[in-house]
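Turn these sequences into a full structure, and let the hints guide you.
Chains A and B supply the protein sequences, listed in that same order.
Mapping the first sequence onto the numbering used here, position 73 (from 1) lands on 73, and the numbers just tick up by one.
Mapping the second sequence onto the numbering used here, position 108 (from 1) lands on 108, and the numbers just tick up by one.
Certain hints may be false.
Note: identical chains are not told apart, hence a pair may lie in one copy or across any two.
[To be verified] Keeping only pairs whose Cα atoms sit at most 25 Å apart, straight-line, the calculated SDA-like set for lysine to any residue is: (1) K237 x R375; (2) K303 x E75; (3) K18 x Q218; (4) K303 x I340; (5) K303 x S120; (6) K303 x A9; (7) K237 x G124; (8) K303 x R79; (9) K18 x T236; (10) K237 x R85; (11) K303 x A78; (12) K237 x P252; (13) K303 x T290; (14) K303 x R76; (15) K303 x T11.
Don't read these hints as lab results, they were simulated from the structure.
There are 2 protein chains.
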Amino acid sequence: MVSEAPRFAFTIDATDGKARTGRIAMRRGEIRTPAFMPVGTAATVKAMKPESVRATGADIILGNTYHLMLRPGAERVARLGGLHRFMNWSRPILTDSGGYQVMSLSDLRKLTEQGVEFRSHLDGSLQQFTPESVMRIERNLGADVIMQFDHVVPGQSPHDLAREAMERSVRWLERCRSAFARLQQEDTLAPTPEQALFPIVQGGIHADLRRASASAIQGVDDWVGYGIGGLSVGETKPDMYAMLDVVNEVLPRNRPRYLMGVGFPEDLVEGVARGVDVFDCVAPTRMGRTGAFFTTTGRRSIKNAAWRLDQSPLDPSCTCVACTRFSKGYIRHLFVAEEILGLRLLSLHNVHFLVALMREARDAVLAGTFAGWSRDWLARYHSRSTVS
Amino acid sequence: MVSEAPRFAFTIDATDGKARTGRIAMRRGEIRTPAFMPVGTAATVKAMKPESVRATGADIILGNTYHLMLRPGAERVARLGGLHRFMNWSRPILTDSGGYQVMSLSDLRKLTEQGVEFRSHLDGSLQQFTPESVMRIERNLGADVIMQFDHVVPGQSPHDLAREAMERSVRWLERCRSAFARLQQEDTLAPTPEQALFPIVQGGIHADLRRASASAIQGVDDWVGYGIGGLSVGETKPDMYAMLDVVNEVLPRNRPRYLMGVGFPEDLVEGVARGVDVFDCVAPTRMGRTGAFFTTTGRRSIKNAAWRLDQSPLDPSCTCVACTRFSKGYIRHLFVAEEILGLRLLSLHNVHFLVALMREARDAVLAGTFAGWSRDWLARYHSRSTVS
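Given below as structure tokens:
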């Protein structure tokens, strides 16, 4: 794919059932897998400074191409030195391609084989995404791992629609590949000269389509990693888990699998059990806005009046800044008073929780105790899983 | 005043003209003067963690009694261990008395010699402030320095109204003193057993009233420190400076003078020149919300389109986190995108700027170069002082 050997090496250190633990070595740093990627939508993980993100243990963060391309604009980011320099995060970054947001956020979408024409939700301006233009945008942003531009349809789409989107995504993958290769040769001044391009497995909740997608993608190239898209978008959990089983049977074992847009703690544990290596989700930061936070015994809401005088931390076993230095009573006060610090502490805790959860999962796989660990963890998490 | 010698000692290390530099030693820490106190209104300096506040160099922060008494409530704060423990700031804290906010924020105020009856701006509930109740509230909050409850009138009030408020404030000071002494004897379980009570000099923009106030207050007791209130509330800067000159002639030299609610960088420099030792102001954190920030050549707005591609820091000589790690282009993007991190970085920079300004002032007084330093600093600050 490129003239030089890419600095991208995935090593599996141990397996336990279908679960794996390992490392993805990249030029800007190493990602320990299974890994949770905090989402830095508009070049910031909501309310958190980069060093605070790093302090949670995160090895990599995600940037949203759709948002960044609209504001501040990919060329502007490139002229400011690329996304890493722009937001002062020197470790690996992965950008999604905008395929999901363009179908879910924008107005007046017109999709053709060429690409997607749409209006920005910010200012209504007319825009277009094509496989070629998205590769150009992601090159300007300069992430270390970039996702193909794909055709995304609702999670519960019927077979024929899911098939059309899946097959188009494969054709767009071929175009992404060509554009990507051309840019690597021509655009030598890009912030990140060597990027890794991941394809995205689609197919909705149809096992045959998922298998076809995973196979066809491998027919296009021997990719260094694989995205799994179109899940956690309205389908049932059993359906999601079933599709993971199907896909991970077909994907090569020695390549990282990245389950896009997932998820909550239980989804991460179930995903690891089925062979997923990387996750991302806006939930931890988005939940902070409504006062929701994770604990080992389920989700809670900081608004609970019972905590007015509570001196204990959000979660007794958590080692994050919010839990080691502040009480629920204080954080509740901040949240009720609509103080930014409240939001910050909740988001920071939630991100830390998921990153730490993956660290526990890695340890369990390494120790060969993943089955028992995950069973116990899920049982405890679901024991009082009530947002109250 | 108290049976034990209070842990409150003010030492002047050097003077230069009317400017002084020194230290206030208290049990929870030392305050280097002149000092700027960041304001932690509702038990949080807006958006900042306590360690970030400390990282700016701040030795002491201010809490607003009015806000805290309404939410979360002084008794609740006491039951959670007091303000220091509640918000995880272990150094000195000063609380104002609510005298200002109750006159400017609340609804349906009824003022009598007894105190002020008012409705909470939060939920409309009927509340009352008296000298005695405020002393109780401030004791529950547990700040190291507490301000008397005073009668506040608009800054440009005519002589007779300013006089009535000034004289009432002296009578209320006597009641504060009695209640304070009684509480120190009776309420031995308070978060901060030994608090220092400061009176507040009033008198509007009337020199005779200011002198009378400063004298009368000293007749009530030999206070360990003095607040100067009722300035920077609509009067002109020349009037404010003139009142400072008047007041600081009458107040004892060997006691710290705290100019309440002031201010902008130029006000701090002019205040130090006239013998002020301590300042507080919400401006640095409040300005962040509108994108305004301080530089050595005046105030600026981050919204300036010229900075879209600017890689330089907010202020080239500033050593805060925002200036050492992020560019104006990035911070502008954050602000325009209404990202919390943008607000955080602007606030943090502004607080740091004022705290660092006072450090420079201390150094100049120590070196005997204050007059020249302040003249140059003001000239440079006013050279391009335009919010654009």
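We went through each hint and held it up to the structure:
{"no.": "1", "hint": "K237 x R375", "verdict": "within (17 Å within a copy, 69 Å between copies)"}
{"no.": "2", "hint": "K303 x E75", "verdict": "between (42 Å within a copy, 20 Å between copies)"}
{"no.": "3", "hint": "K18 x Q218", "verdict": "within (20 Å within a copy, 79 Å between copies)"}
{"no.": "4", "hint": "K303 x I340", "verdict": "both (15 Å within a copy, 21 Å between copies)"}
{"no.": "5", "hint": "K303 x S120", "verdict": "between (35 Å within a copy, 21 Å between copies)"}
{"no.": "6", "hint": "K303 x A9", "verdict": "neither (45 Å within a copy, 43 Å between copies)"}
{"no.": "7", "hint": "K237 x G124", "verdict": "neither (36 Å within a copy, 47 Å between copies)"}
{"no.": "8", "hint": "K303 x R79", "verdict": "between (44 Å within a copy, 19 Å between copies)"}
{"no.": "9", "hint": "K18 x T236", "verdict": "within (22 Å within a copy, 74 Å between copies)"}
{"no.": "10", "hint": "K237 x R85", "verdict": "neither (38 Å within a copy, 43 Å between copies)"}
{"no.": "11", "hint": "K303 x A78", "verdict": "between (42 Å within a copy, 20 Å between copies)"}
{"no.": "12", "hint": "K237 x P252", "verdict": "within (24 Å within a copy, 74 Å between copies)"}
{"no.": "13", "hint": "K303 x T290", "verdict": "within (9 Å within a copy, 29 Å between copies)"}
{"no.": "14", "hint": "K303 x R76", "verdict": "between (41 Å within a copy, 16 Å between copies)"}
{"no.": "15", "hint": "K303 x T11", "verdict": "neither (44 Å within a copy, 46 Å between copies)"}
Comparing the model with each earlier hint shows violations of hints 6, 7, 10 and 15; every other hint is respected.
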